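Enquirer: The residues making up each chain are set out below.
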Amino acid sequence: MSEKSFRQAINEALREEMRRDPDVFLIGEDIAGGTGGDGEEDAWGGVMGVTKGLLGEFGASRVIDTPISETAYIGAAAGAAVTGMRPVAELMFCDFAGVCFDQIMNQTAKLRYMLGGQAKVPLVIRMQCGGGFNAAAQHSQTLHGLFTHIPGLKVVMPSNPYEAKGLLIESIRDDDPVMFMEHKFMYDDKGEVPDESYAIPLGEAYYSRDGEDITICALGRMVNLCNQAADDLAQENIGCTVIDLRSTSPLDEESICESVEETGRLVVVDEGYPRCGFAADIAALAAVRAQPALRAPVKLVTPPHTTIPFAPTLEELYIPSVDRIKQGIKETLAA
Amino acid sequence: MAGKIQAIVMPKLGLSMTEGMVAKWHVEEGAKVAPGDMIAEIETSKITNELQAHGAGVIRGSLAEEGVDLPVGGLLCVLADEASSEGEIEAFIAAFKPLDSDRIEVAEAEEASDDARRPQRKDDKARPNPSGQQPPPDDSRIPATPSARRAAARAGINLAEVTPTGTRGRVTREDVEKAAAAAQSAAAPPAQSAATALSGEAYEEVPLTSMRQTIAKRLTASKQAAPHFRLVAEANVDRMLDLRSDLDRGMEDGKISINDLLVKAAAAALMQVPAVNIQFDGSAMRRYAAAHVAVAVALEEGLLTPVIRNANHKSVMEISSEIKELSRRAKLGSLQLDELEGGTFTVSNLGMFGIKAFDAIINPPQAAILAVGATEQRLIPSAGGKRAATIITATLSCDHRVVDGATGARFMQAFKALVEHPYQLLI
Amino acid sequence: MIAITEGARATLLNKEILLEAFRRMRTIREFEDRIHINSAKGEVPGFIHLSAGQEASAVGICMHLTHEDHIASTHRGHGHSIAKGCDVTAMMDEIYAKRTGLCAGKGGSMHMADLSKGMIGANGIVGGGVPLTAGAALKARILGTDRVAVAFFGDGALNEGATLETMNLAKVLNLPMIFAMEDNGYGEATPSSWAIGGEVLKRAEGFGLSACALDGHDFFQMHEAAGRIIKDVRDGKGPAFMHISTYRYYGHFEGDAATYRSEGEAEKMQKEKDCLMIFRNKALAADLATEKELDEIEQQVARLLDDAVEHARQAPAPGAADLATDVYVSY
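Protein chains in written order, with my numbering: chain A, 3 to 337; chain B, 20 to 446; chain C, 2 to 332.
Chain A with its partners taken away, still in its complex shape:
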């Protein structure tokens, strides 16, 4: 066990799986960087440096730089998966799903069903998500809701380095396509990460905090903000259960409902768009499956139904904050 960054945890997961299974390969834009040029090899190791060093160990046949052609290489990764390989494609920003969505939505997600169960598509698409860098409307979105909407895809969002390693290893071993979303604000976050290989099952939530007064559901970076809010409120003798859902598809409905049955109050915190989104989905789940236990209306803490702004002043208002979460919790407790 040692302290590692979120970035290192992902790099370690990729390295261990590539060592374990020769069918695993990486493909994406500048995941090495500098391919074919006169300068440094492995110049970038991905735009966030996550895959740095893997070229040296596994060579260019398994760490494959591509032209800037998301449709072509995401499609090729799906084609390689359906014919027996286990690719990990890096889409850089989840926003770029916009240019290759046919290959994700109509091909990757549907192949198994359309082919009557003949196909397995063990493809992982890694991508950054989330705001906080003033990267504006096309580089800051959190599109797990969009992906979760589509049957056939699994959608995973880790909340810290430990989770990132275990969930990525599981995602690579999983036989279904997984959209693996890494919050760009967290790459330098540090945490305890075991050196050995371990896998965290998808669809099994984790109680990141345990308390009896209220249930808070979140995933990814929002879990950390919820934990901060919960720690603050503990000073005021308010006990929060913070559920880190880990994946939105599959979704651990059972753990959410069990907790809501215990606390009777639910706040959902999410960085995605609110309409037809993740937070609304969880609220609907509580209404359908845990209504008798609810002692207050479900509270959703999300951005407004607005494009992500550039100006730091606006972005700060946009992303759910610890204060907004605490306010949401208190309102729910008072209701």
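For the record, the hints were derived by calculation from the structure and aren't laboratory data. Hints may contain errors.
Computed Cβ-Cβ distance ranges for the label pairs, DEER-style [stated by the list, open to error]:
1) B/Q25 x C/G145: 44 to 50 Å
2) B/L322 x C/A321: 31 to 37 Å
3) A/G100 x C/G47: 28 to 34 Å
None of the values given here were measured: they were computed from a predicted structure. Even glycine gets a Cβ: it sits at the ideal position worked out from N, Cα and C.
With chain A's structure known, arrange chains B and C on it following the hints.
Expert: Same frame as chain A, now just chains B and C:
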């Protein structure tokens, strides 16, 4: 200087094994052992295996009680130098913590299978828990919802003893609550035993082996949950007998049996009617691309159904030698758990006992089982009179929840056609 | 071996291959004709796109492929599936939406696929299968095998970004891949001569692909050229592009009156350029086969299709238990 002390723990005999018991100790406290010596027999719900010493030393510490379930990684006894003092042994035992089950490798090399490269799903609950909740250490690997885990810790219930009903086989909080209620009522004095012995009659009380208990539980569940219906068909096996003697001619060792050919025919028929090649857990149905045919092997103490994986892809010779090997190992008790799981269909043959036909109970989560009787000679109408023919009777039991009459019938039609034209099985 | 000379081009075909090619072409035609008739009777659900008229292209190419080589196809994919060896009865069952279908009744005409035969799938999205094919080629490159992958696509897909991106990717990564563009004259209702800016071959050459134009009505030319090109690709000489001229007799989809064509156009093409007719005439003229042999194959194919249609009509439809299976391997 302190002596060398090692823990001997409950081995993991298959990927899915979570607990086992010492059926019988072969050593006593204080016995000297050498590497390879048999120490004990380990029994799980499915198999019995020998536990051998990996090092030399003296068996120290108290031996785990026979017949009591222990989790994988749980302490069975201690192997130490004679130099180790009692105090050191006690300190070692006091400090012993069971290993995380995912850190324990399966005791023997796995048979290569599709799943082999995928290690057991690891549970992450052993990580430090920020809330400070400490689940009982020995059930941390049992899949459970966080709420169930907490409830079990509060009620002092081991999750391993709770029947899971949640998604992906997880224990839910409700399961824990039910188990807690049952534990309370069990504490009350038991009602009169259901099987009342006649006074004065001589009888022997035979404790059920773990295998017997499992058979009792699973088959009762199958018979209660699955509405069985049966389809009986007869097939002429004359050509199959000819084929067998042709095949035997080329065989150096061991002969092909009619049963080997019938298993192959069942696998081929499953490919033609894949709607029967399924597993069903009561809610979800899985249709498999390959036929994994389980073969019933009768033992003195019960019944095992080892699985011929991908039987549709295997030749008759391969199936034949695999059945021989699995039966041999079943009788020796050295099958791995993984060799007993994953079947999509079962063939049971009591022909060797002269049984004409019988009904079999479906082996869940499979949805059908084929019961094959003995061959019999009959006179059948033929051009210009009658001729002798060799006939078998086969009975298919189907789970009507997922297999309809016509589907089962199509399977039997395909099976009969293959049995009667067996040369197709060689292609 | 029998040599046939046609101008400067010579092709070597043994009789077994020749008759097998005829059988596959004939099977495709018969398959499409039956669906055309039965679709009009209301027997066939969903959207149907038929490839009658385009048989020589599919068969000329697939005769050079094994089940280890992969292809992907278009919405007009029955012909490629048959040419690649998919089971005709299971295909017909699929088109009739039956549980016994090639894709268990979950894909239908536009998603015909059999991975065990190296057929990744027809595709409902124009250009959608082209990147997937690159993935199969990528697998061959990573593992260092001599497998190739062929993307069949139409003239419409040549204007899709997915196709153009993949042409570039294939060149940059030196993938063992063939772009087989079947230009049947129309993308839906719009002539390809209008919809494609510039020249097709120059476009392909612009990406650095070795490109050639082929007469998709002439099986012998298709087979000879495809053999050469596939061998080069197999030998690691880089991706290739074929511009194949062909023609579909039926409309874009079943029910399309095809009023965008000039009157008599389809009939004229069928009379003068039909690939089965050309095959028969050439094979007989060169003494490669007898009338009797070809007639016999036609009769066998007709019986096969009789049985397939009957089987499809009788086969069971999928039911409630099938609705939500095969979405995930595990969930």
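Enquirer: Indicate whether the distance between the beta carbons of B/Q25 and C/G145 respects the range 44 to 50 Å.
Expert: 46 Å, holds
Enquirer: Is 28 to 34 Å right for how far apart the beta carbons of A/G100 and C/G47 are?
Expert: 29 Å Cβ-Cβ, so the 28 to 34 Å window holds.
Enquirer: Taking the beta carbons of B/L322 and C/A321, is their distance inside 31 to 37 Å?
Expert: 34 Å, holds
Going down the numbered hints, you'll see the structure goes against none, and every one checks out.
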